[in-house]
Amino acid sequence: MSDVVKDPESDAVDVVDPAGEVAADRGAHAGDHHGGHDDHGHHTSLGLSNVKLAMWLFLGSECLLFGGLISTYMLYRNRHSDEVGPDQLWDIPFTSASSFVLLMSSLTMVLAVSAINRRDERNCRLWLTVTATLGGLFLAGQVYEFTTFYREGLGYTDSLFSSSFYTLTGFHGAHVAIGIIMLLSTVGMLAKGRITGDKGETVEMVGLYWHFVDVVWILIFTLVYLIPA
Amino acid sequence: MAIIERPASESAGAVEVYDPSVATPSSSYGFLRRPVESTGWRSWAFTVDHKKIGIMYGVVAMVFFIVGGIEAGLIRLQLAQPEGTVLSADYYNQMFTMHATTMVFLFVMPMAAAFANYMIPLQIGARDVAFPRLNALSLWVFVFGGIFLNTSWFLGGGADGGWFMYAPNSDVPFSPSNGVDFWALGLQITGIASLVGAVNLITTCLNMRAPGMSLMRMPIFTWMAMVVQFLLLFAMPVITVALFMLIFQRNYDATFFSVAEGADPLLWQHLFWIFGHPEVYIIVLPSFGIVSEVLPVFSKKPLFGYPFVVFSGAAIGFVGWGVWAHHMFASGLGPVSVAVFSVATMAIAVPTGVKIINWTLTMWGGKLQFTTAMLFAIGLIVQFTIGGLSGVTHSVAPSDTQQTDTYYIVAHFHYVIFGGGVLGLFAGMYYWWPKIFGKCLHEGWGKQNFWWMIVGMNLTFGPMHIIGLQGQPRRMYQWTEFRAGEGFFNLGFWNMVATIGTFVLAIGVVFWMIAVWVTHRPGSKVPPAPLDPWDARSLEWMTTSPPKPHNFDRTPTVHALDEVFHRKYEDVTGEDLPEFPDPARAEAHHNYVKVATLEEIVAEEERLGDEHVHLPAPSYWPIVLAFSLPVIAYGVIYTSWLIAVGAAIAVLAIFGWALEPADAEESDFEPPSEGESSKELAHV
Numbered sequence: 001m002s003d004v005v006k007d008p009e010s011d012a013v014d015v016v017d018p019a020g021e022v023a024a025d026r027g028a029h030a031g032d033h034h035g036g037h038d039d040h041g042h043h044t045s046l047g048l049s050n051v052k053l054a055m056w057l058f059l060g061s062e063c064l065l066f067g068g069l070i071s072t073y074m075l076y077r078n079r080h081s082d083e084v085g086p087d088q089l090w091d092i093p094f095t096s097a098s099s100f101v102l103l104m105s106s107l108t109m110v111l112a113v114s115a116i117n118r119r120d121e122r123n124c125r126l127w128l129t130v131t132a133t134l135g136g137l138f139l140a141g142q143v144y145e146f147t148t149f150y151r152e153g154l155g156y157t158d159s160l161f162s163s164s165f166y167t168l169t170g171f172h173g174a175h176v177a178i179g180i181i182m183l184l185s186t187v188g189m190l191a192k193g194r195i196t197g198d199k200g201e202t203v204e205m206v207g208l209y210w211h212f213v214d215v216v217w218i219l220i221f222t223l224v225y226l227i228p229a
Numbered sequence: 001m002a003i004i005e006r007p008a009s010e011s012a013g014a015v016e017v018y019d020p021s022v023a024t025p026s027s028s029y030g031f032l033r034r035p036v037e038s039t040g041w042r043s044w045a046f047t048v049d050h051k052k053i054g055i056m057y058g059v060v061a062m063v064f065f066i067v068g069g070i071e072a073g074l075i076r077l078q079l080a081q082p083e084g085t086v087l088s089a090d091y092y093n094q095m096f097t098m099h100a101t102t103m104v105f106l107f108v109m110p111m112a113a114a115f116a117n118y119m120i121p122l123q124i125g126a127r128d129v130a131f132p133r134l135n136a137l138s139l140w141v142f143v144f145g146g147i148f149l150n151t152s153w154f155l156g157g158g159a160d161g162g163w164f165m166y167a168p169n170s171d172v173p174f175s176p177s178n179g180v181d182f183w184a185l186g187l188q189i190t191g192i193a194s195l196v197g198a199v200n201l202i203t204t205c206l207n208m209r210a211p212g213m214s215l216m217r218m219p220i221f222t223w224m225a226m227v228v229q230f231l232l233l234f235a236m237p238v239i240t241v242a243l244f245m246l247i248f249q250r251n252y253d254a255t256f257f258s259v260a261e262g263a264d265p266l267l268w269q270h271l272f273w274i275f276g277h278p279e280v281y282i283i284v285l286p287s288f289g290i291v292s293e294v295l296p297v298f299s300k301k302p303l304f305g306y307p308f309v310v311f312s313g314a315a316i317g318f319v320g321w322g323v324w325a326h327h328m329f330a331s332g333l334g335p336v337s338v339a340v341f342s343v344a345t346m347a348i349a350v351p352t353g354v355k356i357i358n359w360t361l362t363m364w365g366g367k368l369q370f371t372t373a374m375l376f377a378i379g380l381i382v383q384f385t386i387g388g389l390s391g392v393t394h395s396v397a398p399s400d401t402q403q404t405d406t407y408y409i410v411a412h413f414h415y416v417i418f419g420g421g422v423l424g425l426f427a428g429m430y431y432w433w434p435k436i437f438g439k440c441l442h443e444g445w446g447k448q449n450f451w452w453m454i455v456g457m458n459l460t461f462g463p464m465h466i467i468g469l470q471g472q473p474r475r476m477y478q479w480t481e482f483r484a485g486e487g488f489f490n491l492g493f494w495n496m497v498a499t500i501g502t503f504v505l506a507i508g509v510v511f512w513m514i515a516v517w518v519t520h521r522p523g524s525k526v527p528p529a530p531l532d533p534w535d536a537r538s539l540e541w542m543t544t545s546p547p548k549p550h551n552f553d554r555t556p557t558v559h560a561l562d563e564v565f566h567r568k569y570e571d572v573t574g575e576d577l578p579e580f581p582d583p584a585r586a587e588a589h590h591n592y593v594k595v596a597t598l599e600e601i602v603a604e605e606e607r608l609g610d611e612h613v614h615l616p617a618p619s620y621w622p623i624v625l626a627f628s629l630p631v632i633a634y635g636v637i638y639t640s641w642l643i644a645v646g647a648a649i650a651v652l653a654i655f656g657w658a659l660e661p662a663d664a665e666e667s668d669f670e671p672p673s674e675g676e677s678s679k680e681l682a683h684v
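Residue numbers (my numbering), protein chains in the order written: chain A, 1 to 229; chain B, 1 to 684.
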């Protein structure tokens, strides 16, 4: 055998304590879906936990999804009938208010993550619920807005502008809705003690997703509502 | 030594021994028992083992390869003679659309995924991928998506808009059957599989490497596969947007592609090709990785300029995003765009050329062994170079406007995709077959397979250069004798040659099946392969063949690129040895002597193996979640209540998944395992 193989230092065997629990778990064991109890921190090659890395990758992919939808909207934003276009429809004060509500939900999300990092589950659940409520308020605003636009004559199939507007904002709304479901599920699972991975990390992942959805809305609000046609 | 407590099937590999005392689940988790069996169909359907998933990816991909091949054969039969009558115009349109879709999305991509799944964890010294259940989800989403797409044949006909499905041509007025809906929804589903796989495999490559496995020590196949996953990660959402718009246009009367309303027909083209050009590299880069593994092994030399191969692969990955509009030169983009994309396209030939140089110099001066895997690898270099050169002729925009929509384009991309992609995948099959199944594929039939395929592909696609420059358009279901040309350029002659070539190629594929049959039939005389049949260099060989469920008895510590080579051979440069009598030569070259065989190294690893191996447990939820997607898709086409049913299944599966512990519980096994270490035991 070459001496490479026999090198004892670099090939330490798992340390097993008398109770039979594995005391030291080396990094390269099979992964699990939650990123789990033992692959965050310095055990992974990059020092970033698997779930966190995966979430960042997924959000990177989502950027291109919204990129495609926003590009389509920008291409078609001026292609509408003379009667119902942005100038007739937009209610900037109302949408500003609902945007403010969504942005505030990012703040409460941060408070939830901060609470779970202090192992304060009760406050974490509280802030998660507040975040979900603010998200729900935003969604309610979007439903109200869509209904108003529809009453004023902007159907989904009416013009290139309407199709691309409803598709873009609808996709964002769907992301918010999924986020709310994730938030409420996390509240429920925290309460019942059913979270199978690292609690702090789970809340942080939901938070990453939630902040992403908010950031996308800042882009949409600016490009769709604020920039004049 | 006892590594884990349930080793019943360790050495049996794919053909596992049934041991009832091990495999019966006895308790329940929630309302379902954990599917902990290690044999039978349940051990495959619910597995999260990257090796089983890889094998299933490969098997399903080969089935679709045959389906796509039959479609190709029908196309060539139709075009063999003027005024062909084998297919109607309508069927011909469906045939070429589904041929391309099947080969690209259901054969080459999943076959590359098969190798990536199987090899990446082994090559980086990991026990599985980062998210084993997501890996199972990718597989089943792909399988159900592929089946869904092909059910269109029985439900009113396949898609007929060409594989790039230009809208508005693919809108209802021009394509009234449900074929395009099946196509759009089917690709949406397989796209989910690719996206999930990309997230999973990138995380695996970046985060699960064994100690010492720095990025610049990663085996080259893993590198290329990782670049591909990044391309998938960013390309898939773009086609997703385009497909959603097409689905909404066709099923819910959206107006994205309604030209009467003022829609821009270039919108689809841009979105499609922003995805579609990276897709080209998604197809060829895995094969580039495979030949970069195969050539050094059979040349007995390290890969020439490993960093150059890595960085040229990454460069292809970057520049691949800036060349998409060269597919649209004929659509009137304007001189500035055309010039920019023309130059970018010429630039991307540079990193590709770097790779060809590296492969050639890897072989230069080596002790070449012409095994079947090596023949396929050399075939790739030659054929891909031809395809690459005709590709450069497209980058010159004036020349491209002549070639657009002729058979010259068809010739080019088949040399690239078949010559660059498929030949590499076959090289990988012959190279890794002993690793995966424990036996080398029969070399005699393998060589038949290679020569018939290589001759067949040149007979099929070579004449298409001539046919195309003569002006025969692609996607026309008939050609006529009128203006067929005289003498050497006669269309009739070359069309017949191409059709004959297709069947030569098909015979080559049949020889592949014979090779598999001869190797694995009951009573086969092909002996089990030694652990190291090719004198290989990278980490996946440092375990048994087929590998144990936990891959490595202990996590390897990596000290060098080509780790296994350096464990087998010692550098004796400059030493006075009888094998190297000439001291001057000994100074000038690195001299290696073999100090260990892989059998010895693996036996040593087994002796020092870990006490406790922690493996993730199988799960029902990935296949259930994957099943919900085609249900939703049928609902979109036929009746909306099915959407609700599919969504309900999906929600159930997601919550079941989220609430499921990552590891099987003790009580899931019968009998409960003994001893203190049972907690680490998850599944075998």
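None of these hints come from the bench; they were simulated from the model.
There's no promise every hint is true.
As the list claims (entries may be wrong) - Straight line, CA to CA, 20 angstroms or less: simulated SDA-like cross-link-like pairs of lysine to any residue:
1) LYS192/A - LYS439/B
2) LYS192/A - VAL59/B
3) LYS199/A - LEU206/B
4) LYS192/A - LEU206/B
5) LYS52/A - PRO307/B
6) LYS439/B - LEU206/B
7) LYS52/A - TRP657/B
8) LYS199/A - ILE654/B
9) LYS199/A - ILE192/B
10) LYS192/A - ILE654/B
Unchecked claim - Facing chain B, a subset of chain A residues (Cβ under 10 angstroms, in silico):
11) CYS63
12) LEU64
13) LEU69
14) SER71
15) GLN88
16) LEU111
17) SER114
18) PHE146
19) PHE149
20) THR167
21) PHE171
22) PHE221
23) LEU223
Claimed, not checked - Pairwise CB distance ranges, derived in the manner of DEER restraints:
24) SER96/A - TRP321/B: 57 to 67 angstroms
25) GLU62/A - GLY444/B: 26 to 36 angstroms
26) LEU107/A - LEU361/B: 27 to 37 angstroms
27) HIS43/A - PRO527/B: 53 to 63 angstroms
Bear in mind that the values here come from a model prediction, so they are computed numbers and not experimental data.
Glycine residues also receive a C-beta, built at the ideal position from the N, C-alpha and C atoms.
Against the structure, the hints:
Between LYS192/A and LYS439/B the alpha-carbon distance is near 51 angstroms, which puts this suggested pair outside the 20 angstroms criterion. Of the supplied pair hints, the one linking LYS192/A and VAL59/B is violated, its CA atoms being roughly 43 angstroms apart against a limit of 20 angstroms. Distance hint between LYS199/A and LEU206/B is unfulfilled; the C-alpha atoms sit about 24 angstroms from each other, more than 20 angstroms. Proximity of LYS192/A to LEU206/B is assessed by CA-CA distance (about 34 angstroms); at most 20 angstroms being required, the pair is judged violated.
The hinted pair formed by LYS52/A and PRO307/B fails the criterion: a straight-line CA distance of about 29 angstroms is larger than 20 angstroms. With a C-alpha separation of about 31 angstroms, the suggested pair LYS439/B and LEU206/B falls outside the 20 angstroms cut-off, and the hint is violated. As the CA atoms of LYS52/A and TRP657/B are separated by approximately 18 angstroms, the hinted pair is consistent with the 20 angstroms bound. For the given pair, LYS199/A sits about 18 angstroms from ILE654/B by alpha-carbon distance, which is consistent with the 20 angstroms threshold.
Taken as a hint, the LYS199/A and ILE192/B pair is broken in the structure, with Cα atoms around 27 angstroms apart against an allowance of 20 angstroms. With a CA separation close to 18 angstroms, the supplied pair LYS192/A and ILE654/B stays within the 20 angstroms bound. Evaluation of the CYS63/A hint against chain B yields a held restraint, the C-beta minimum of about 8 angstroms falling below 10 angstroms. Among the interface hints, the one on LEU64/A holds; its C-beta lies about 4 angstroms from the nearest C-beta in chain B, closer than the 10 angstroms criterion.
Here the hint on LEU69/A is kept, as its CB sits about 6 angstroms from the closest CB of chain B, short of 10 angstroms. Given hint, SER71/A at the interface with chain B, holds; its Cβ is 8 angstroms from that chain's nearest Cβ, closer than 10 angstroms. Proximity of GLN88/A to chain B is violated relative to the hint, the smallest CB-CB distance being about 18 angstroms (cut-off 10 angstroms). The interface hint given for LEU111/A is violated, since its Cβ lies 24 angstroms from the closest Cβ of chain B, which is over the 10 angstroms cut-off.
Nearest Cβ of chain B to the Cβ of SER114/A: about 24 angstroms, over the 10 angstroms cut. The hint is violated. Checking PHE146/A against chain B by beta carbon gives a least distance of about 15 angstroms; that is not within 10 angstroms, so the hint is violated. The interface hint given for PHE149/A is broken, as the beta carbon of that residue sits about 16 angstroms from the closest beta carbon of chain B, more than 10 angstroms. The interface hint given for THR167/A is met, as the beta carbon of that residue sits about 7 angstroms from the closest beta carbon of chain B, less than 10 angstroms.
Of the supplied interface hints, the one on PHE171/A holds, with its beta-carbon coming within about 8 angstroms of a beta-carbon of chain B, less than 10 angstroms. Using the Cβ-Cβ criterion of 10 angstroms, the hint placing PHE221/A at the interface with chain B is not satisfied: the shortest such distance is roughly 20 angstroms. Annotation: interface hint on LEU223/A violated; nearest CB of chain B at approximately 16 angstroms, more than 10 angstroms. The supplied range of 57 to 67 angstroms is broken by SER96/A and TRP321/B, whose beta-carbon atoms lie about 36 angstroms from each other.
Between GLU62/A and GLY444/B the beta carbon distance is about 51 angstroms. The supplied range of 26 to 36 angstroms is therefore violated. Distance hint for LEU107/A and LEU361/B: a CB-CB separation of about 59 angstroms, inconsistent with the stated range 27 to 37 angstroms. Our hint of 53 to 63 angstroms for HIS43/A and PRO527/B is violated, since their Cβ atoms are close to 42 angstroms apart.
When each numbered hint is compared with the structure, violations occur for hints 1, 2, 3, 4, 5, 6, 9, 15, 16, 17, 18, 19, 22, 23, 24, 25, 26 and 27.
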